[in-house]
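Top line first, the protein sequences correspond to chains A and B.
So the first sequence is numbered by my numbering: it starts at 1 and just counts up by one.
So the second sequence is numbered by my numbering: it starts at 1 and just counts up by one.
It should be emphasised that the hints constitute simulated quantities derived from the structure, not laboratory data.
Honestly, I wouldn't trust all of these hints.
[Said to hold, decoys possible] Facing chain A, from chain B, some residues (calculated, C-beta under 10 Å):
hint: 1; residue: Glu4
hint: 2; residue: Glu7
hint: 3; residue: Arg119
hint: 4; residue: Arg143
hint: 5; residue: Leu271
hint: 6; residue: Asp274
hint: 7; residue: Pro275
hint: 8; residue: Asp279
hint: 9; residue: Met317
hint: 10; residue: Gly367
hint: 11; residue: Glu371
hint: 12; residue: Gln379
[Said to hold, decoys possible] What follows is a set of in silico ranges between Cβ atoms, one per label pair, in the way DEER data are often shown:
hint: 13; chain 1: B; residue 1: Arg386; chain 2: A; residue 2: Gln300; range: 15 to 23 Å
hint: 14; chain 1: B; residue 1: Asp273; chain 2: A; residue 2: Ala113; range: 24 to 32 Å
hint: 15; chain 1: A; residue 1: Asn2; chain 2: B; residue 2: Asp236; range: 26 to 34 Å
The beta-carbon is built from N, C-alpha and C at its ideal position, and this holds for glycine as well.
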Amino acid sequence: MNLELSDEQRLLADTARAFVDRHADDADPWPAMRDTGWAGLLVPEEHGGSGAGMTEFVLVCEALGRGPVVSPLIPSVTAALALRWAGTPDLQDQWLPTLATGAFTGTVAVLEAGMRDEWSPAPMSGLGALTGTKVLVPWVPDVAVIVVVTSEGLRVVERSGAVRVHDHDPLCAEPHAALTFQQAPAERLGSTADSAVVLARVLDYNAVARLAYAIGAAERALELSVDHATNRHQFGRPIGTFQAVAHRCAEMRADVDACRYLAYRAAWALDHDADAAIAVTAAKSFANDAMRRVFLHAHQVHGAMGFATEHELHRYTRVAKSFELSLGGTTRHRDRLATEIGLGSRP
Amino acid sequence: MDFEFTEEEEAFRTELSDFLDAEVPDWWQGMFTEDERAMPFTRELCAKLADRGWLTMAWPPEHGGSGASVWKQAIVREEMWAREEPRGPQYMNLNYIGPLLMRFGTPEQHARFLPPMARGEVIWCQGFSEPDAGSDLASLITRAEDRGDHFIVNGQKIWTSYADSPADWCLLLVRSNPSAPKHRGISMLLLDMTTPGITVRPIDTMAGPHEFNEVFLDDVRVPRDCLLGGQDHGWDLVVAGLTFERTGIARYARAGRVIELLVDYANDAGLGDDPIVRDRLADLYTRYDAARLLNYRAISMQAKGEVPTVEASVARMHNTQLEQAVGHVGLEILGPTGQLRAGDEWAPLRGEIHRYWTRNIPSTLAGGSLEVQKNIVAQRGLGLPREP
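Turn these sequences into a full structure, and let the hints guide you.
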């Protein structure tokens with residue numbers, strides 16, 4: 001047991017922090033991010049990636065959340081994971097090297113209108129060419145490859161005129177779109193049975209990456225809250241000298257720390273294939289609630305200024321809420337966890 | 001990062017756990033019950049642990065220990081606390097009274113006090129809190145007058161666990177210099193509890209009669225060779241000791257065990273499919289998981305030789321509130337009969353959850369209140385300004 005980062009991991013985290021300091025305000029940080037090699041962290045070396053682990057990717061995502069740096073990194077890496085685990089050698093050769101360098105980006109289309117969450121069965125048929133509409137797909141204009149969840153398993157769709165894009169204006173800063181497929185040619189990604197296993201893993205990885213990004217945002221919100229509580233004076237003293245304010249900050253610290261170590265442990269479990277389901281679902285369900293508490297405190301400490309978009313707090317609040325609403329709500333994950341810890345009907 | 005114990009550590013856990021399963025009787029529910037078998041049992045068990053070298057395994061070899069890694073120590077704490085600490089009062093000696101003596105004591109004090117602790121033969125209590133010195137511990141007024149080769153002590157201590165066990169010795173905090181600033185005029189004395197002038201009065205509590213005591217001190221004579229550390233420098237020892245104490249208890253381990261009991265109970269009662277019961281227990285599990293990981297973070301820092309002051313307070317915030325939540329949810333799942341105590345044949349889970357809820361009412365107070373922990377995190381951890 002050792003919860004300290006290794007020297008290499010610390011260096012990676014520092015590099016990512018330095019990147020965020022330089023590029024947080026770039027209109028498009030992707031060209032700079034391509035040079036970092038992060039898009040290939042989870043792609044094996046034989047396909048042009050660096051074959052690192054989820055822990056490394058989590059450290060990068062956590063740093064990016066502090067910006068927040070808005071980029072297609074997480075969806076593109078998630079698409080690469082699906083191709084890595086379920087793609088034929090041809091599909092892997094076609095897509096993994098370019099996804100690993102970031103020359104192309106990918107995304108994963110899961111949700112459709114009427115689905116409760118990403119874990120619900122997808123109505124879209126996977127028989128033949130794809131027809132139908134996916135919503136809330138992480139999107140940038142030059143996405144080249146889309147992994148699509150259908151009722152017959154995963155499919156790969158190359159970007160073409162058969163995919164119509166309607167941009168959303170969602171809660172979070174990351175651009176999202178509704179994609180309407182009209183007889184879009186699609187390739188099978190694994191058998192129907194394999195697909196279910198691969199999809200569950202893809203969603204787990206995606207949830208932990210999104211969690212790390214939200215933790216970065218929460219840490220930044222805590223820093224802003226401490227700054228504000230230190231510098232804002234009322235009644236002739238810094239408001240942070242009032243315990244009612246200071247204790248909110250202490251509770252934020254305690255919640256962010258808990259989320260961070262739950263996320264690190266989930267990443268470790270994914271890397272080591274050790275009780276990953278229980279680790280991911282515990283992290284997601286704890287963090288869903290913890291993020292609410294953290295941002296409730298952050299807004300309360302900031303007063304009305306935190307509601308004004310000229311202050312930066314709202315950007316982090318959006319990251320956290322978007323995380324909570326994605327990849328399974330608290331109730332769903334607690335139900336999954338209840339089974340994992342042994343609750344069930346007795347014969 | 002590594003979230004696994006080593007094979008050797010797991011083997012040690014199995015060995016210890018098998019031993020405890022064989023030795024700890026069914027009736028054992030911790031020290032603070034009215035069961036008269038408790039004290040003889042814990043003395044006997046500690047002697048057996050000492051024989052196996054497990055009692056002081058965390059201590060350095062020069063004091064009779066085996067210098068076990070912090071992770072093996074964590075395993076001992078988890079296995080003990082999950083079973084309601086069958087070492088009884090001894091865990092205080094091992095976790096921090098012993099280490100304080102090692103760090104601040106003279107060679108004569110080492111020779112005199114450490115060997116009986118290592119054999120598990122001696123009971124210590126801690127005389128810190130006073131009626132008017134709780135969270136503001138440094139305002140204590142129990143007075144020790146310097147009479148050359150001895151001190152004369154007058155005053156009162158309160159919330160003293162184990163004083164009526166009866167304790168053999170007391171780690172006593174006194175005001176030795178009333179004219180110095182409040183943190184600079186405190187000393188720590190090693191008080192023989194058989195000294196004339198000491199009166200112990202048990203305080204009846206919600207958890208039973210043996211949890212706490214008041215200790216009255218009237219012209220109690222303490223020889224100078226029982227001063228621990230520098231005269232008027234006792235506060236340094238308090239700070240060091242409280243840091244040892246905050247991660248010295250694996251509170252989450254008992255909470256985890258109680259959650260297991262509740263999962264079995266819910267399944268047996270046909271509640272395993274009840275969505276609300278499932279939601280509540282899964283919530284407790286995530287909080288247990290978080291509390292455990294935050295303790296492991298503090299221990300990882302100790303393994304590197306760092307002192308995790310703020311991190312220990314963060315862990316404590318999670319652990320103590322977890323304990324209370326487990327008690328509340330547990331009783332909710334049990335329903336009305338959850339009110340029945342141990343010994344009542346209709347008490348579900350032998351009254352265990354009732355007792356767990358009761359004894360954790362003050363868990364957010366002991367060893368520094370929740371509010372004090374938050375102050376530590378806010379001021380020392382986040383650098384927020386102090387109150388004027």
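Comparing the hints with the structure gives:
no., hint, result
1, Glu4, "7 Å, holds"
2, Glu7, "12 Å, violated"
3, Arg119, "30 Å, violated"
4, Arg143, "31 Å, violated"
5, Leu271, "8 Å, holds"
6, Asp274, "9 Å, holds"
7, Pro275, "7 Å, holds"
8, Asp279, "5 Å, holds"
9, Met317, "5 Å, holds"
10, Gly367, "17 Å, violated"
11, Glu371, "7 Å, holds"
12, Gln379, "7 Å, holds"
13, B/Arg386 / A/Gln300: 15 to 23 Å, "21 Å, holds"
14, B/Asp273 / A/Ala113: 24 to 32 Å, "30 Å, holds"
15, A/Asn2 / B/Asp236: 26 to 34 Å, "30 Å, holds"
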